[in-house]
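**Q** One letter stands for each residue in the lines below.
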Amino acid sequence: DTAVSQTPKYLVTQMGNDKSIKCEQNLGHDTMYWYKQDSKKFLKIMFSYNNKELIINETVPNRFSPKSPDKAHLNLHINSLELGDSAVYFCASSPLGRGEETQYFGPGTRLLVL
Amino acid sequence: QKEVEQDPGPLSVPEGAIVSLNCTYSNSAFQYFMWYRQYSRKGPELLMYTYSSGNKEDGRFTAQVDKSSKYISLFIRDSQPSDSATYLCAMVVGGSEKLVFGKGTKLTVNP
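Line by line, the protein sequences give chains A and B.
Using the working numbering, the letters of the first sequence map in sequence onto residues 1 to 114.
Using the working numbering, the letters of the second sequence map in sequence onto residues 1001 to 1111.
Hints are supplied without guarantee of correctness; some may be wrong.
Unchecked claim - In silico lysine-lysine, DSS-like type, Cα no more than 25 Å apart, as pairs:
1) K1056/B - K36/A
2) K40/A - K22/A
3) K19/A - K67/A
4) K1042/B - K19/A
5) K1070/B - K41/A
6) K22/A - K44/A
7) K36/A - K1098/B
8) K40/A - K1098/B
9) K41/A - K1106/B
10) K1002/B - K1070/B
11) K52/A - K67/A
12) K1042/B - K1098/B
13) K40/A - K71/A
14) K22/A - K1106/B
15) K9/A - K41/A
16) K40/A - K19/A
17) K1067/B - K36/A
18) K9/A - K67/A
19) K67/A - K1042/B
20) K41/A - K1042/B
21) K52/A - K1098/B
What the hints assert, rightly or not - Partner residues aside, some chain A positions facing chain B, computed with beta carbon under 10 Å:
22) K40
23) V88
24) Q103
To be verified - Away from chain B, derived, C-beta distances all over 10 Å, residues of chain A:
25) S48
26) E82
27) A87
These are calculated hints, taken from the structure and not from any lab test.
It should be emphasised that the depicted structure is a prediction, and the values quoted were computed from it without experimental measurement.
The C-beta atom is built at its ideal place from N, Cα and C for all residues, glycine as well.
Construct the entire structure; sequences and hints are all you get.
**A** Encoded structure:
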């Protein structure tokens, strides 16, 4: 009965490869997010989707492309991986997408680019 | 200057100590203030939420907001080893969808 789940938990890959991370929430929330947490634990928003519509798109390289097939799923595809992409990527969801709502985070995907 | 500043620590205290964690911010439009707790290798989870200046208490935890000084604090009384985690402050402008996090303070409570 996991609320927000992500796959895979760990991802080790070579520079230049393309990879995808999947996220699913079973909370019935309208809004989902992708965050990046760097090695210094700084958590920064990348994207948010509300009911499959892109709402927030921070200054993220266009090698990163989110896709939301339905409001329960938000996937992140990364092209041409670079060393600097190594980080922990967290998916989160909130009921309506208002900033003051509680956000529920997944367990994270640890990406290491070699 | 970053919008939200938080001392990353690390902070190490003995069990039973009172812990004070702090954040400062520069954007006076921030209206909602949260503290998230993140255990090692886990996602953050909401610990406390407040939107007005003053204190809010929940068990051993007290969140304090001083909007005039642009300063928020989280106090932990009678700290326990299970409180060992990274604590992230977060805040949002009213009407905005975007939560802005501090860098997090790593706390270790030693038995």
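**Q** Give a verdict on every hint.
**A** Structure-based check of each hint:
The straight-line distance between the Cα atoms of K1056/B and K36/A is roughly 30 Å, outside the 25 Å bound, and the hint therefore fails. The suggested pairing of K40/A with K22/A holds, with an alpha-carbon distance near 24 Å, which does not exceed 25 Å. With a C-alpha separation of about 13 Å, the suggested pair K19/A and K67/A falls inside the 25 Å cut-off, and the hint holds. With a CA separation close to 22 Å, the supplied pair K1042/B and K19/A stays within the 25 Å bound.
The suggested pairing of K1070/B with K41/A holds, with an alpha-carbon distance near 23 Å, which does not exceed 25 Å. At most 25 Å may separate the alpha-carbon atoms for a hinted pair to count; K22/A and K44/A meet this at roughly 18 Å. A threshold of 25 Å between alpha carbons decides the hint, and for K36/A with K1098/B the separation of about 14 Å falls inside it, so the pair holds. In summary, the hint linking K40/A to K1098/B is supported, as the alpha carbons are separated by about 21 Å, within the 25 Å threshold.
Pair hint K41/A plus K1106/B holds up; C-alpha atoms about 9 Å apart against a cutoff of 25 Å. Taking the CA atoms of K1002/B and K1070/B, the gap is about 13 Å. The hint holds against a cut of 25 Å. For the hint linking K52/A to K67/A, the alpha-carbon distance of about 8 Å falls within 25 Å, and the restraint holds. With a C-alpha separation of about 21 Å, the suggested pair K1042/B and K1098/B falls inside the 25 Å cut-off, and the hint holds.
At roughly 31 Å between alpha-carbon atoms, K40/A and K71/A are farther apart than 25 Å, so this suggested pair is violated. Taking the CA atoms of K22/A and K1106/B, the gap is about 28 Å. The hint is violated against a cut of 25 Å. Between K9/A and K41/A the alpha-carbon distance is near 17 Å, which keeps this suggested pair within the 25 Å criterion. Restraint check: the Cα-Cα separation between K40/A and K19/A comes to about 23 Å, which is no more than 25 Å; the hinted pair holds.
For the given pair, K1067/B sits about 28 Å from K36/A by alpha-carbon distance, which is inconsistent with the 25 Å threshold. This hinted pair checks out: K9/A and K67/A have alpha carbons roughly 19 Å apart, not beyond 25 Å. In summary, the hint linking K67/A to K1042/B is supported, as the alpha carbons are separated by about 24 Å, within the 25 Å threshold. For the hint linking K41/A to K1042/B, the alpha-carbon distance of about 12 Å falls within 25 Å, and the restraint holds.
Straight-line distance between C-alpha atoms of K52/A and K1098/B comes to about 17 Å, which keeps the hinted pair within the 25 Å bound. Annotation: K40/A was flagged as interfacial toward chain B, and the flag holds, the nearest CB pair being 6 Å apart, inside 10 Å. The closest approach between the C-beta of V88/A and any C-beta of chain B is roughly 9 Å, which is under the 10 Å cut-off, so the hint is satisfied. Hint status for Q103/A relative to chain B: holds, with the closest Cβ pair at about 7 Å, below 10 Å.
Against chain B, the non-interface label of S48/A is violated: not every CB pair exceeds 10 Å, the least being about 6 Å. Chain B leaves E82/A outside its interface by the beta-carbon criterion, the shortest separation being 23 Å against a cut-off of 10 Å. No Cβ of chain B comes within 10 Å of the Cβ of A87/A; the nearest lies about 14 Å off, and the non-interface call holds.
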